[in-house]
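What follows is each chain in one-letter form.
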Amino acid sequence: MMTVVSAELADTSVGPPRWLASPGKIVVRLLVYGVPTVMILAPLMSFLAYSFLEQKDNIVTGHLTLANYAAFFQSGSYLYVFFGTVKLAFVVATVALFLGYIISYLIWRLEGSTRYLLLLLSALPLVMNYVVKIYAMRSILGFNGFLNSFLMASGIINAPSKLFIFNQTAVMLAMAVIYLPFGILPIFLALERIPQSLLSAAADLGAKPGQIFLTVILPLSLPGSIAGALFVMVIALGDYLTPQMVGGSEGFTFGRAIWSQFGMAFNWPFGAALAVVLLVTVIALIGLASLIARKARLG
Amino acid sequence: MTRLERLTIALLWVVGGFTFMVLYAPALIVILFSFFAMKNHQIDWSNFSLEWYGRLADNSQLLAALYNSIVVGICAVVSATIISLALAYYMKTGVRRGRAYVEFIIFLPFVLPAIITGISLLVAFREIGLERSLITVTIGHIVLILAVVYRMVTIRLDTLENSQIEASLDLGANGLETFLYVVLPQLRSALLTSSLLAFALSFDETLVTFFLVGGETTLPMRLWAMMRTGFTPEINALVSVVLCVTLLFAALGAMSLRESIERKP
Amino acid sequence: MTAALSEEEVVRPNVIQLVGVTKSYRNLNVLKPVDLDIKDGEFLTILGPSGSGKTTILRMIGGFTPPTSGRILLRGADISQVPIFRRPFNTVFQDYALFPHMTVAKNVAYGLRIRRRPAEEIKTKVAAVLETVNLTDKAERYPSELSGGQRQRVALARAIVCEPQVILLDEPLAALDAELRRSMQEFLKDLQRRIRTTFVFITHDQEEAISMSDRIAVMDHGNLIQVGTPQEIYYKPRTEFVAKFFGENNLLPAQPDNNAANILESPLGKHSLPASAKGGGSFLLAIRPESFSIHDGSELRQGQSVCVGRLENVTFLGATTQLSLNVGKAQQTIKVRVPTGQSGNNLAFGDDVPLRWSEADVNVLPRG
Ligand SMILES: Nc1ncnc2c1ncn2[C@@H]1O[C@H](COP(=O)(O)OP(=O)(O)OP(=O)(O)O)[C@@H](O)[C@H]1O
Ligand SMILES: [Mg+2]
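Chains as they are written, first to last, in our numbering: chain B, 172 to 470; chain D, 2 to 266; chain V, 20 to 387.
If we strip away everything but chain B, and leave its shape as in the complex, we get (with noise of 0.2 Å):
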């Protein structure tokens, strides 16, 4: 028996030394390494690379030129819809963060099977095809829609209300249906976050319910929220379908102004500078969310 693994020991004393065994460890670290880079980081890296481009009657000259930019920064319009939708992703959030909150506060109160089956629910609109959901808001918000046929009925107005399609009203209210989902689950991760042995040890210290949600509670799970609405705010930044379908001309959002360059006026170096702007506000956006996460983490 001992023969047998002590041959195949010989074999290996005999065999091919062990530097042979380097160049296939340098093809890994290359493929490990390489693909990740060659699939993400160069395409971002030749968009960011776009927006410094010069274009002229249509055609992208290769100088590098700031030109894009200054566009963008003189131009009185491009700058007033940048921040019109950041204040829209800003009430998009909030929504969601308002809403987000009760609809998991309430969830993670439950116990046993129901609390399962409700996040579930909560979490299934995400799956939900996502050009179908802004047809439905369509659907809903417009001028035939459900929304006016049902206010009609109830006897609120007594005629179809032009207030929530093609506005920023209706993109606002598309979008928080759409992605308040995105916002419950890091809400109810913040709260399953807080130790049961806090909440016990308050109702031992004589805090009655309410006390225990207003001491506790909220300030323990706020920071998280917080954080989980701000990752809202970037997925609303972006989206430049949704106010095409629902927003009208009154709908313009930057989104859609970045996604014109690439379609109709085609002009990609500016393009990609709008995108360069939207791509700073939202890494500001996300190191501001992991600051408060982080510093909720610390106590």
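Quick caveat, the hints were computed from the structure, so don't treat them as lab data. For each residue, glycine too, the CB sits at the ideal point set by N, CA and C. Some clues are possibly wrong.
Take a look, some chain V residues computed to stay more than 12 Å from chain D by CB distance [unchecked claim]:
(1) Ile103
(2) Thr110
(3) Asp114
(4) Ile133
(5) Gly360
Here are the simulated DSS-like cross-link-like pairs (lysine-lysine), alpha carbons at most 30 Å apart as the crow flies [what the hints assert, rightly or not]:
(6) V/Lys289 to V/Lys58
(7) V/Lys125 to V/Lys157
(8) D/Lys93 to B/Lys379
(9) D/Lys93 to V/Lys125
On the provided structure of chain B, position chains D and V with the ligands as indicated by the hints.
Frame of chain B, contents of chains D and V with the ligands only:
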């Protein structure tokens, strides 16, 4: 609980219930539309029919788009799974200085807005002269779902004790055998969950796909195009079917997730 | 038994030799140069406090981590470059590392399957090994359905079925409760005698080491301090650390006598300085409590000495009784263990008790 507190909670449930209703309203409306005909932009409630479901089979463009979506989804999931497995196993079997770098890169498309990822890939594909087609779409989907698959694989792999791998090597298995006989079987439920989730993401992907799609389209692209030119009711039927199927998949995924949590020794 | 063992030792060849093996992590030197010979068929225990480098040595033998310098020889051949899966050793892991997705039988068969042995052979060997570890009826169970002790035996079975030249065990009993631990100790020892395979066993439990091992290697702070039979380690410690590590011991300061260079002076009296302990400075004497007996006035034999101590305390330990006595000018306290009843019942605190011991039981150690 005081009366005030009880009242507050009840009020919150009202708000929560209303919100849930709003969340599901889009889906419900589409499903309703799929069973009733429209007359003058109003639903004709008197006319329940399965006609639109029957007509589905005739809309060859829609079916082609559905087929494309499925093919793209499967290719993207399989590729992303292979890449994730290779990366995660490499990171597991040694001290890897570059781990933080690789993970940072992989998670970028997940946290950045889709429009950025879309533009990046669009620009990159043009630079290397790759025509827009289902292939570029698939690559885009791989980039997007890689974060999800990689994350779920590493979460499971991190709970796998190093001694499992060492024990296998110790018993005479080489790296590949160890991966096949010891590591992979223990990743099965994590892979199932991540595949379901990733497929759902790919199937629904719109905002990146928009930049990468060529002549042949995927289902969301087709739906978008039809919406702009006027929705025909069979789309409602198709969307209802798709909704039900994705819900089924999601439920399966959620269940397998639950199972994998419970089966942890 | 000691004599028989040492005779055998002479003819036993070395399976594994560590030659000047060291290990550093970054700048941290966790293992000073270690030379260790592991003999064919012996039960060698590596013993030491937590963090002393026991696992590091075992992992280097197993091939899980390469040594920073030095060589590891298997029957004379350097195996430093041989990958884990080609080394004819098998490991029993501290957490057992059973494959949770395989039944007990599949777990045990794994090594043989990997080696592409015929199905028939695998079947008979697995059955035989499961028989050896008394787990025949659990063959189709999954590890999660077994108790701690059963898992332990599966891990053993999985290691021995491959018929390795050496079995490496890293604190395999640490996770078991006291009773199970004792029965597993007996089982392990018995198993090792039956299959006559070399066992390298890690523990930080001295009693376990003494009761199970043919030889013990004592480690401390990355140093291999002493290797020897349990008797040698217990009665002939070579350093203060070893003398303190096992059971109760008396450690007494000793100085060279001013007049005679080869005489040591201690609270017990005068001792001749052994040739091995040369050099000036001070020394420590180590002598076990049970090496003393109460002097009954009978004639002293060759090499025996006497002194007198003042009784301070008496502790009844069951079969033995422990006396605390103050000896010497400095009133140094020593412990003496005598069979209960032998001391007579007429001892009172403050009495002067005459003690007798053999100079051969006194160990002279360098002072650390
Ligand atoms: N991968 C590592 N990186 C850095 N230091 C390490 C590493 N592994 C072990 N060490 C250090 O080496 C020293 C010896 O560790 P080792 O595991 O061999 O101790 P041990 O004797 O087995 O202890 P225990 O009884 O606690 O298992 C310790 O100080 C430990 O901190
Ligand atoms: Mg250890």
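Structure-based check of each hint:
no.: 1; hint: Ile103; result: violated (4 Å)
no.: 2; hint: Thr110; result: violated (5 Å)
no.: 3; hint: Asp114; result: violated (6 Å)
no.: 4; hint: Ile133; result: violated (5 Å)
no.: 5; hint: Gly360; result: holds (52 Å)
no.: 6; hint: V/Lys289 to V/Lys58; result: violated (40 Å)
no.: 7; hint: V/Lys125 to V/Lys157; result: holds (12 Å)
no.: 8; hint: D/Lys93 to B/Lys379; result: violated (48 Å)
no.: 9; hint: D/Lys93 to V/Lys125; result: holds (25 Å)
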